[in-house]
Amino acid sequence: MTIPLAGVILIAVAIIGGAIAMGAFIWAIRTKQFKDLNTGAYVIFDKEEPVGEMTDTTFGYPEKNNPKK
Amino acid sequence: MKSDHSIPGTEEAPELSYRILSDTSSSAPVIVFFTSAVVWLLVGTVFGLIASFKFNFPDWLGNIPALTFGRVRPAHLNSVIYGWASLGIAGLYVWLTARLCQTEVHWRRLLYISAILWNAGVLYGVVSILGGHSQGIEWLEFPKGAQTLIAMASVLLSLSILRTFYGRRVKHIYVSLWYILASVIWFPILYVIANLPFYSGVTQAAVNWWYAHNLLTVWVTPAGLAAAYYFIPKVIGRPIHSYYLSLLGFWSFALFYNWNGIHHLIGGPLPTWLISVSIVASVLMFIPVITVAINHHMTMVGHFGKLRYSPTLRFVVFGAMCYTAVSFQGSIQALRSFNEITHFTHYTVGHAHLGLYAFFTMSIFGAIYYIMPRLTKWEWPYPVLIKFHFWLVALGITLYVISMTVGGFIQGLYMNDPSHPFMDSVQVTKPYLMARSVAGVVILIGHLFFIYLFYLMIKRKGVKRVTPPWYEKAEEYVR
Chain L
232 MTIPLAGVIL IAVAIIGGAI AMGAFIWAIR TKQFKDLNTG AYVIFDKEEP VGEMTDTTFG
292 YPEKNNPKK
Chain B
72 MKSDHSIPGT EEAPELSYRI LSDTSSSAPV IVFFTSAVVW LLVGTVFGLI ASFKFNFPDW
132 LGNIPALTFG RVRPAHLNSV IYGWASLGIA GLYVWLTARL CQTEVHWRRL LYISAILWNA
192 GVLYGVVSIL GGHSQGIEWL EFPKGAQTLI AMASVLLSLS ILRTFYGRRV KHIYVSLWYI
252 LASVIWFPIL YVIANLPFYS GVTQAAVNWW YAHNLLTVWV TPAGLAAAYY FIPKVIGRPI
312 HSYYLSLLGF WSFALFYNWN GIHHLIGGPL PTWLISVSIV ASVLMFIPVI TVAINHHMTM
372 VGHFGKLRYS PTLRFVVFGA MCYTAVSFQG SIQALRSFNE ITHFTHYTVG HAHLGLYAFF
432 TMSIFGAIYY IMPRLTKWEW PYPVLIKFHF WLVALGITLY VISMTVGGFI QGLYMNDPSH
492 PFMDSVQVTK PYLMARSVAG VVILIGHLFF IYLFYLMIKR KGVKRVTPPW YEKAEEYVR
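Taken in order, these protein sequences are the chains called L and B.
The working numbering numbers the first residue of the first sequence as 232 and each following residue consecutively.
The working numbering numbers the first residue of the second sequence as 72 and each following residue consecutively.
Honestly, the hints are just simulated from the structure, not real lab data.
If you're wondering where the values come from, they're calculated on a predicted model, not measured in any experiment.
In this text, a Cβ means the ideal position worked out from N, Cα and C, and glycines have one as well.
Label-pair restraints from in silico Cβ distances: (1) L:Trp258 to B:Ile365: 19 to 29 Å; (2) B:Arg531 to L:Phe256: 37 to 47 Å; (3) B:Ser271 to L:Pro281: 50 to 60 Å; (4) B:Val354 to L:Tyr292: 44 to 54 Å; (5) B:Trp344 to L:Asp267: 36 to 46 Å; (6) B:Leu267 to L:Asp267: 42 to 52 Å; (7) B:Thr139 to L:Tyr292: 44 to 54 Å; (8) B:Ile135 to L:Phe265: 53 to 63 Å; (9) B:Thr139 to L:Ala245: 35 to 45 Å; (10) L:Ile242 to B:Tyr315: 33 to 43 Å; (11) L:Ala237 to B:Trp344: 14 to 24 Å; (12) L:Val239 to B:Val354: 30 to 40 Å.
Selected chain B positions facing chain L (Cβ under 7 Å, derived; list incomplete): (13) Tyr315; (14) Tyr380; (15) Pro382; (16) Thr383.
Go ahead and model the full structure; you've got the sequences and the hints to work with.
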């Protein structure tokens, strides 16, 4: 039985693809992406846009949260 | 976590500077992507509406070959997927990657070339479809030339985003960035493989649906989720409820979702195991979907009042809720017993729009409402028009999905009942199809409000509103 060229290419791509995904996962563990998950969630905040402050108030400021105060 | 993101001359506020840096460097390419996306949104909506009216008035425009149903319908699908959705995703990814990597956009020239090639590809493809030169394979109708242009454009986009990622100034990869990376690595590979000239017959059908569903897996859904995971916490000012769950969600998503495509071919002439594997994977999708649903809901709990103040939050939360709905619906729909009824009916069309419109498009609207003011340093004029936009499209799509779901289900029951002639299953859908056209008109009106607002934003026209203090600071830094 001969395997057609298309099959060879697609199987190769599938193996390489799986390897990329596994590689990314192992890399993530190695670089400690899954350590200290609590601080990870805070990476999108900073001094200027801290936790507790809205960053989109196009319809008006909430009383409690007015950054203009 | 801790990183050094100061740039020369802005040492006094290093924390602010990275946002200014990333937003100013992403500004021009993102505006180019979003503007072309919005143009394709209008084109796609008009094609969709023409196709919808043809169900109500079958003879309408029937004597113009380019506007017959068989051409207008794929023109609608392709212009919204490869035009609106893809270019919107490109803009979102460029902006969000730069922000999450806390750095500037690298290789911007590639992005401009990518935008030109992408638009040229979609234009060439849509015109070819209207001219009768479709390849006749759903989601892959574009002729080879158009597909080559889009493939090249997607490679350039991915290269620029990966280069920006390589130049990142943060150690931690935020969950949205995981979705973006997976997306930009896989989309070009997927698109090229699906377009190789190898396939025929049953293999072609399998590749076709493997591709079409994976386009949602690696391109559309990650974009919507990346937006939700960034904008919900960012807008309300509260970190994700469970960051652990969000990462579990990402990896289980990556593991299960790419097997789903073959559930489109239930009952088709494929090996049964292939279809069964796909159904099992579709049901396993409950795991990532539930993690996302829990996370977004628990993040919002106690903060629903903030929907009053933020258009972004309204659109993104609407989208996130519909993500849960469409995914649950999809998993159930993949079961053979249920699929027996809904296959080949309008139910599927309702499902597709719940996913691509109520979830994805609403999320991208939310993202655009957040991103544009930060690029043009101009607050959205006329908030009341934003409210019109939101309510028109939200009500429109709700009517759309309900009419297609109910109508399609009844249609399926009629088709399965041998005591009814086939024409009964057609007749019974007529009121639902009329409701669909009404919904389409409402959505189009909503889009016109949005397009007008978008035009004002680019031109910095309309009333000058008091901008939040962070814009004013931003302007100082830009100068």
